[in-house]
Each structure stands twice: as C-alpha cells, then as structure tokens.
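Join these two chains into a complex; the hints should help.
From first to last, the protein sequence lines stand for chains A and B.
The first sequence begins at 840 in the working numbering and counts up by one.
The second sequence begins at 23 in the working numbering and counts up by one.
It cannot be assumed that every hint is accurate.
Straight-line alpha carbon distances no greater than 25 angstroms define the calculated BS3-like cross-link-like pairs of lysine-lysine that follow [unchecked claim]:
| no. | chain 1 | residue 1 | chain 2 | residue 2 |
| --- | --- | --- | --- | --- |
| 1 | B | 37 | A | 901 |
| 2 | A | 910 | A | 1011 |
| 3 | A | 1011 | A | 1026 |
| 4 | A | 1011 | B | 37 |
What the hints contain is simulated information worked out from the structure, not anything from laboratory work.
Keep in mind it's a predicted model, so treat the numbers as computed, not measured.
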Amino acid sequence: MNAVEQEAEELTGGLRRRDPTLIDYLIEQYRYRLFRYLLMLTGQRHEAEDLFQETWIRVLEKGHQYKQRWKFETWFFSIARHLAIDYRRRRQPESLDTLLQPMDGGRPLEVEDTASLSAFEQAFQGEEAVRVATALAHLPAAYREVLTLRFQEDLELEEIARVVDSPLSTVKSRLYRGLAMLREWLKDT
Amino acid sequence: MNEEIHQRALRLIDKMQVEGLTDGEREELEAHLESCARCQEQARRTELALRAFRAAAPRFDSLLVFRTRMQVRVRAHEITESAARLRALWISCTLSWVLGVVSAPLMWRGFEWIGHRLALSRVVWITGFALAWVAPAVVAAAFIAWRQAERAVSSR
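One chain only, chain B, in its complex shape (with noise of 0.2 angstroms):
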C-alpha cells in the first residue's frame, strides 16, 4: 500500500479526535482500517492515550472550598463597603460643587472687598480668589489620589 495514504489515514486518526471528521473522511478512514493492521494499531493507542488522560483525575482538597468560601464573603462585604464610601464621597463631591458654584459670587466680593481695602492690585486678589475656590477640589483629588497609590501598595 502506498505510504501517502497510511500517512492521510494516521493524520484522519488525529483530526477525528481533534476536529472531528466529515462523512467522506469517516468512510474512508474506516475502509482503510479495517485493512490495515499498523494504522489499526495508531487508532487503538490514540484512543487509550486519550483514555488514560481523561481518567487523570487530581486529589482535592475539600478544605480549599471552604477557604475560598471564606475569602470571597470577605471580598464581597470589602466591594459593599468600599461601594458606599464610594456613594458618600460623590455625594458630597457633588454637594460641595453645587455649594462652590453657589457661594463664588459671594466670594468674589468678599475677595474685592478684602483686595480693596488691604490697597492690593486686582491680579492679586483675583488670584487669591482662584486658588480658595479651587483649593478643597484640589486637596480632595491629592488625597484621592494619594488613597489609590496607598491601595495599590497594600494589593501586590
């Protein structure tokens, strides 16, 4: 028999495990086995290998459940906590916008009154009003900031 076609045959063996094979190739797999005792032969230790690799069957530890159990109660109750400190720092983010955008006129007089009477130019008093309107948005961010890389630290 002409060696191209045991070679076709063992490559049939392989993709009927891998792939799965059409009906012509089933046809013409099994036509050529049932003449061929050498690829017979490949088909039965393909199909024991694959046997003895399904039936490998790793020892468990039931203790690792339970732990794992315990691990994830621990990380959901962290996600539900850290999700309301989560809400409570947007809330009062967004509490403290409003109330900025609020008092910002209020401030700027008080700023021109102040820059009025100290005799100070308006460069300095306006900029003196920026940075205390910006200046709680700026610390909140630092210190937000500053809790993440501390997190990140603590996580590796």
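With the rest of the complex left out, here is chain A (with noise of 0.2 angstroms):
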C-alpha cells in the first residue's frame, strides 16, 4: 500500500469511527476552500458560515457513507450543496417553485440567487475585490458555482458533474457560459 492509499485509508477509517480529532484536521486543511465554495454559492456570507458549521457536523454524521473512489473534496462539496439546498427550504419556504426551476436543462434543484453587490464586497480581500464582487454579483448562482469548482477547485468535469448531481453536459454548458459572462464583466481588467 503506497502513502496515497495509506492516507485515504486512514481517512476513511477516521470517518467511520467519527473520530474527532481527524474531524479537526480536515476543518484546518479544507476550512478556506469550503467556506468560499459556499460564500460563492450562496452569495451570503452569513449563510455561508452557517452552512460551514453544518457541513462539518454532517461530515461526522454521515461520515461511515464517504466511499474512496471519490475525492474527499468531491464528497463534502456534494454535502455542502445538499445543506445550502434545504437550508434555503427552511429559510423561504414560499421559494420553493424558486428551488424547482429548471435552468439549462439540468437538475431541476438549485439554491435561489439572492447574493448581492454589497456581499460579496465584505466578503472579498484584495485590490480587486470590488471588481470582482461586481462580477460575481451578476453571474447566477449556478454559474458561480461551477466556476469556483473548475477554476478555484481545479476539480475535474466529472466530479463537478457528481457535486453539482447534473450531467457532464449541463455542467459544460453552465462552464461556457460562465465563462463568457465573467470574461465580459472583468474585461477590463
């Protein structure tokens, strides 16, 4: 067994015994990269520190359901997803039909877009945090959240595809066209 092996071994066996103190470890290696996946999908930063405690705690909860052919990222993104998902449900229950539209052809449930200018200003550090904010403030959520998970993330397709549960199709769409959107508002740059 290489060291790779060994690591996701001893990960996985953590996981299952709900082992605190590798909890704590995962929370000091993934805290930033989790925190701006949900900043970026919720556009909240209340929200997103609300869903960060309670990804942590479904990670020990459900942590005996991670299986080792999908990286732990993928797995806890997919979480975080879930989480952002009903927390939404619980918040603006009359968001519902919100949730449910469809967008580019993809699964039908999505977060509801309420992030602001203003948000992403006091969240984002930085020469160009107003720039960017700006930016990130037009494109939907959707589309955000795809671009944080191919460009920030550097996940592959397919795992985004798992995190976001949409066809590798969909995701490509939402890529393109996140693309061309972020390029025009930054074009400046």
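Pasting the structure below:
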C-alpha cells in the first residue's frame, strides 16, 4: 500500500469511527476552500458561515457513507450543496418554486440566487475586490458554483458533475456561459 | 479571414480553459492566434478574467473554525451517548423477547386457569393472553415513536 492509499484508508477509517480529532484536522485543512465554495454558492456571508458549521457536523454524522473512489472534497462539497438547498427551503419555504425552476436542462434543484453586490464586496479582500465582487454579483449562482469548482478548486468535469448532481453536458454548458459572462464583466482588467 | 475561422478560434479559447484541447486543436489555435489580433485579444481577456477570479480571496473569520470545532465535539459526544442508549435498548428488547417466549407457556396456563375459574369463554381469555403478551412491545414501540417524533420537531 502506497502513502496515498494509506492516507485514504486512514481518512475512511477515521470518518467511519467519527473521530473528532480527524474532523479537527480536516476542518483546518479544508476550511478556506469550503468557505469560499459556500460563499460563491449562496452569495451571503452569514449563510455561508452557518452552512460551514453544518457541513462539518454532517461530515461527522455521515462520515461512514464516504467512499474512497471519490475525492474527499467532491464528497463534502456535495454535502455542503445539499445543505445549502435545505437551508433555503427551511428559511424561505415560499421560494420552493424558485428552487425547483429548471436551469438549462439540468437538475431542477438549485440554490436560489440571492447574492448581492455588497455581500461580495464585504467578503472579498484585495485590490480587485470591488471589480470581482461586481462580476460575481451579476453571475447566477449556478454559474458561480461551477466556475469555482473548476477554476478555484481545480476539480475535473466529472467530479463537478457529481457535486452538482447534473449531467456532464449541463456542467460544460454552465462553464462556457459562466466563463463568457465573467470575461464580459472583467474585460477591463 | 473567414468569420467561421474566428468563431472556431473563440470556441477553442474557451474550450482550452474548460475542457482542455487536443494536440491538433492546440496547434490550430496557436497558428491562428499568431496571425489574428482580435482572437489574441479575446484569449488575453479570458486569461486575465480567470486570473482575477482565481485571485478572489474571501475574508475568513478564524473564530468560525473554533466555533465549528466546538460544535463538532458536542455533536460527537451526543452521538456516542445516543449510540450507548440505543445499544442498551436493543439488549433490553432482546432480553424481553426471550423472556416473553420462555414465559409464554406459563402465561398461557395462567390465563387458562383464570378463564376456567371465572367461567369465561375461550375467546375472552385467549384475547386477554394475546393482549398481555404483546402489550410490552406495543408500549415500547409507541414510546420510541413518540421520542423520535419529539426529536424531529426539536431538530427543526
């Protein structure tokens, strides 16, 4: 067994045992990536923070369901996404119709887009924060999500399809459209 | 230059970022970009937009990690306790089932005797026996269902 396999084995074993020390380590290792994904998905900082905590609790509870054939991040991004959808349903049950609106032929369940410019402006730091925040606030959540998974998380297209639970063709279509919109909003960079 | 060639080059520029290109497509795109300022500009804009997107760094509250760890610890403790309770419940259910089976003949005789003494019809004392035999299981099942419903309400 090589080092990578051994590490994966330890991860699976620790998750099955619900080892809090392992979860501590995972929180430390993936904290920034998970938070960024949730922020991109929801467009709301406080919501991303709530979901961040819920995701790790769910990782603890459902850890025994993790299968080694997928990367750990693919699995936990998927958990985070489902929690985000449930969260919106609980908070805004009247918006269930919006949640179920199909987009570009993909899976109908999507996180309703409530992102605002100010939310992204507050969330991002750096010189280009305002410009990037403006671009992100104008992108639909479904596009922000796949762009994040592809260009910030460097996931493979198949992994993204698994996270968003949509066909590969839908993922590609969102990536192309999202990239075109992003380029348009950041064209004066 | 034919507009279709530009359109193809623009598609390849995006494809390079999204899916990656084959060697043939890469050569084709590079050859086109060498001679086309318009598509070169598009490639540059795509590159810069993605660079800005990748550099977007959200502020992270380090207290969030602390709070999350605390919550995870508390939940881990709750799960351990609940698993122990569930184990105890299973053991008591199994014991009660075994005792029920073992004591069934005695109970049957007891109910039969009472039936004769009180001159009850056979249907009545057999019904009494059946109710007495299943009552503990029904009460336990009702209790578990009530606890689960209560937990579901409190977790909302």
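Here's how the hints hold up against the structure:
1. Restraint check for residue 37 of chain B and residue 901 of chain A: not satisfied, since their Cα atoms lie roughly 37 angstroms apart, outside the 25 angstroms limit.
2. About 20 angstroms separates the Cα atoms of residue 910 of chain A and residue 1011 of chain A, which keeps this hinted pair within 25 angstroms; it holds.
3. Between residue 1011 of chain A and residue 1026 of chain A the alpha-carbon distance is near 22 angstroms, which keeps this suggested pair within the 25 angstroms criterion.
4. With a CA separation close to 9 angstroms, the supplied pair residue 1011 of chain A and residue 37 of chain B stays within the 25 angstroms bound.
In the structure shown, a violation is registered for the earlier hint numbered 1 alone.
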